[in-house]
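Chemist: Model the full structure from these sequences, guided by the hints.
If you read the sequences in order, they're chains B and G. Add 891 to a position in the first sequence, counting from 1, and you land on the number used in the working numbering. Add 19 to a position in the second sequence, counting from 1, and you land on the number used in the working numbering.
Simulated from the structure, these hints should not be mistaken for lab results. From the three backbone atoms N, C-alpha and C, an ideal C-beta is built for every residue, glycine too. Treat the hints with caution; some may be incorrect.
Claimed, not checked - Here are the computed lysine-lysine pairs in the DSS-like style, where the Cα-Cα straight-line distance is at most 25 Å:
| hint | chain 1 | residue 1 | chain 2 | residue 2 |
| --- | --- | --- | --- | --- |
| 1 | G | Lys204 | G | Lys171 |
| 2 | G | Lys352 | G | Lys414 |
| 3 | B | Lys1001 | G | Lys359 |
| 4 | G | Lys358 | B | Lys1001 |
| 5 | B | Lys961 | G | Lys240 |
| 6 | B | Lys1206 | B | Lys1242 |
| 7 | G | Lys31 | G | Lys171 |
Stated by the list, open to error - Have a look at the derived ranges for each label pair, beta carbon to beta carbon:
| hint | chain 1 | residue 1 | chain 2 | residue 2 | range |
| --- | --- | --- | --- | --- | --- |
| 8 | G | Gly373 | B | Asp1210 | 53 to 61 Å |
| 9 | B | Pro919 | G | Tyr74 | 34 to 42 Å |
| 10 | G | Asp227 | B | Cys907 | 38 to 46 Å |
| 11 | G | Tyr109 | B | Glu1002 | 51 to 59 Å |
| 12 | G | Tyr74 | B | Glu1002 | 37 to 45 Å |
| 13 | B | Met1022 | G | Ile68 | 50 to 58 Å |
| 14 | B | Asn1247 | G | Pro406 | 48 to 56 Å |
| 15 | B | Asp1019 | G | Asp227 | 17 to 25 Å |
| 16 | B | Asn1157 | G | Arg307 | 34 to 42 Å |
To be verified - Examples of chain B residues lying across from chain G (beta carbon under 10 Å, computed):
| hint | residue |
| --- | --- |
| 17 | Val927 |
| 18 | Ser928 |
| 19 | Glu929 |
| 20 | Tyr937 |
| 21 | His998 |
| 22 | Lys1001 |
| 23 | Glu1002 |
| 24 | Leu1086 |
| 25 | Phe1258 |
| 26 | Val1260 |
| 27 | Gln1299 |
| 28 | Ser1302 |
One-letter residues, chain by chain:
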Amino acid sequence: MKGKSAAVSFIDQLECPRTELLFQESKPLYNEDQAVSEASRCLFCYDAPCMQACPTHINVPLFIRQIMTKNVKGSAKTILSSNIMGLSCAHICPVEVLCEGACVMNHEGKEAIHIGRLQRYSVQWAYDKQMQFFTKGKSTGKKVAVIGSGPAGLSCAAELVQLGHDVVVYESREIPGGLDSAAVAPYKLFSEDALKEISFIQKIGVEIKTGVSIGKDLSISELEQKHDLIFIGIGLGRDSDLGIPGEDLSGCAGAVEWIETIKRTNAFDPGTVRNAVVIGGGNTALDAARELKKLMVPKVTLIYRRTESEMSGYKHEKDRAAQEGIEFLFQTIPLEILGHNGKVDGMKLVKIKSENGKLTPVSGSEFSVSCDFVVKAAGQEKLSELFSEVKNLTVKNGLIQVNPETLQTGSPKYFAAGDCVSGGEEVVYAVADGKKAAKAMHELLMKEK
Amino acid sequence: MADISINFAGIKSPNPFWLASGPLTNTAYQVMEAFDLGWGGAVWKTVGIPIVNVYSRYGGLNYHGSRLVGLNNNELITDRSFEENYKEIYQVKKKYPKNALLVSLMFETKQEWKEHVKRAIDSGADGLELNFGCPHGMCERGMGSVVGQEPKVLKEVTGWVMEYSTVPVLVKLTPNISDIRDPGKAAQEVGAHGVSLINTIKSIMEIDLDTFSPVPSVDGKGTNGGYCGPAVKPIALHMVGSLSRMPGWKTLISGIGGVQTWRDAVEFILLGATSVQVCTAAMHYGFRIVEELNQGLSDYMDQKGFKSIEEFRGKAVKNFVEWGNLNLNYRVKAEINPKKCIECQLCVAACDAGGHQCIHTQENGSRVPYVDQEACIGCNLCSLVCPVEECITMKEIDLGKPYLTWKEYQKTAV
Ligand SMILES: Cc1cc2nc3c(=O)[nH]c(=O)nc-3n(C[C@H](O)[C@H](O)[C@H](O)COP(=O)(O)OP(=O)(O)OC[C@H]3O[C@@H](n4cnc5c(N)ncnc54)[C@H](O)[C@@H]3O)c2cc1C
Ligand SMILES: Cc1cc2nc3c(=O)[nH]c(=O)nc-3n(C[C@H](O)[C@H](O)[C@H](O)COP(=O)(O)O)c2cc1C
Ligand code: SF4
Ligand code: SF4
Ligand code: SF4
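Modeler: So this is what it looks like as structure tokens:
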């Protein structure tokens, strides 16, 4: 069986230099003075709404107060004991619709407390000092396999290890972290920082075997034999195709695939792109468009089949994209990607109208635009068919069905959480549910004893 | 336009704002710059036998992101020679005849006092301020607050100065004493023209958690210093008010302690002060703050229709009464304005812990709390913790009963 169980850093596997290093952080790290004065604004609310709005229920008022009193170590512990990926989340949570959106300051017309930035200040401070807060619990002798090293898998594994179980995380990619290290916009979080956070999770005692694809390198039945319980955190698959001619031309890429390239390697040369088109209306499409713009691509157009208000991407992200000069074409779909000498050089499009929620092309409205790069952000494939052979484990529309209280699947030995259950949410939800599953798994394991 | 000038026992000043004796009034350069910017007067840094200062003199209290809510210092009196001080006092007075220039003095023997009262007046001092207040360093040498703490000694030393002085004499009082009225009475009895209060309060600002030394640290050790700045204003107001309301009190008061804005100054004047001295605020922000002090005071007077400071000086004194004279039949109850409430529930936490457990959250899931009017004792705590201005107000309830003081209540109870 292959598989590296690297106690060493995965950071060395990132190419250097790589494209992501061209980005500037949109929310730079506070210094102590900035953090203390921002923390001082917090009212220390009772039954605080920010804490309720955080899917991992971090005790926000407490950790902010700890920063204010310069007990930064204590604040990091407060954060990480609720959310083991508190560093990633601090960088990438859509705080506008989570904790900061719930901050009472909004009711008074004041700026919400910058909870995410304070959270980052705290955890990064602790990690820069190599502080390790958690250790492996007293061994129970129970073995758990976690499939997928994304936020769901790592959160589940970190919790189980602290409870004393032996956990192995199997990851098909060479680098762990799932989309958290592979796909999140580099101006929010660098791959390197995501991997640093993972090294602290490894130090708790979580073993990560990368380069092992379950179902290929190791069969599900083998896995079942070796472990008492199995957690599924495989996320979603590759970018969906558009199903139109020209997708195989050079210069046409899936969004997640392309973002992973810029985050890990130096293979993409932004200087060669003058006029890019992104297809899609979600956050991935908005991220890809903003990334292209920040890489100094002169013209970036986002094409979406429905109207602006129907976009599934966050309004705050859309507004930022518009401010940065990204152009939008709504109610439009691509018919064909045009090429020359095997390279993208344009796109044929048609206008769409909506009748009673049904989208139909407007006849005679076909038009062409020129472009030299196309990013497809029309969703990701589902991977869950892999488990269709497992008895009683139900997969519906590609999503694994679970008991929402325990996150147990129909097959008692299997639990699942994260994007493979939800169809694609945020890292912080995957972390919350991974931990919730771990609690239920622990209960079951201890009952069996 | 209101007239904001004052006459303090014959010392004329274009406005009531004087720089307090301290680091701001060390040199002619500083005082002239201050006068140019609009300060009415200045009390020269205490003149005495020149001392030696230590390095690192200040400690600051920062609170919730606000810097220098309090300041503490262990600076002593002037470290300059008599010649330098008197020469510069003379230069300032010559150039600024319309501003009030007082000289603060601190000596030990009668002979020294005699000599320097004369030298200060010869240099042009409009008045003298006797520093019986410095709480560190000087008191260990038998001067400063040890004089202020002992009414008999205070009277004796002030008596010497009264004998030699041809200009008004102000006694600067220390707050490091159990009852400010004792030194106040002593100063009045010996005929001082005014009292200045308060000087700084003995304090330890902070202990360094790593070096275990008080801050400011002088080579690993610290000493008690004098506390001043915004945090001491309530103490200063109380002391000023206590003198003003004393039967038979007629001595003029120069109010000092935590004045930062014109509002603070008006509070001192309403409690009876004629002039107001400022130290920390000008050390923090520079002499330029006087512009806002003058303008704010003048606007306030216009708005209230006061033509001179004398017209409203002391207006709050009669309302500063003993607890036993408060009305037991007065009721207020807290009321929450749901339109202003931002749902932080700090009032819930505060009332539950330190009030009478009468603010509750609603059953219907709304985060806006409500006050159980029956149980509310009108203590005010919730309205103080509420972060939104005027969101929780204390509503008056008319019991339809007459004013009843504790003293009267006791009589009826008997
Ligand atoms: C472009 C993009 C940007 C995003 N930006 C944000 C953001 O800013 N903020 C935010 O909160 N969320 C963001 N998200 C969403 C977030 O990344 C996901 O919700 C989250 O990573 C889901 O975690 P997961 O653990 O369920 O799955 P994943 O992160 O997808 O991890 C699944 C892991 O399982 C592995 N795996 C799959 N199959 C197998 C197998 N058979 N054997 C072994 N391993 C396997 C995969 O290689 C992968 O590493 C973004 C998503 C995308 C696509
Ligand atoms: C650094 C410093 C030095 C001081 N030196 C003197 C002094 O020499 N003589 C004196 O009478 N008061 C001195 N004081 C006390 C001030 O005059 C004043 O009474 C006190 O600071 C309160 O006013 P404030 O709150 O505006 O600062 C000093 C205060 C400070 C901060
Ligand atoms: S984890 Fe995310 S949602 Fe929760 S408090 Fe932190 S930044 Fe906010
Ligand atoms: S809601 Fe805002 S002010 Fe209240 S505790 Fe949370 S961060 Fe602080
Ligand atoms: S303290 Fe004020 S703002 Fe906060 S819940 Fe109470 S009434 Fe509302």
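Chemist: Which of the stated hints cannot be reconciled with the structure, identified by number in ascending sequence?
Modeler: 7, 8, 16, 23, 24, 25, 26, 27, 28
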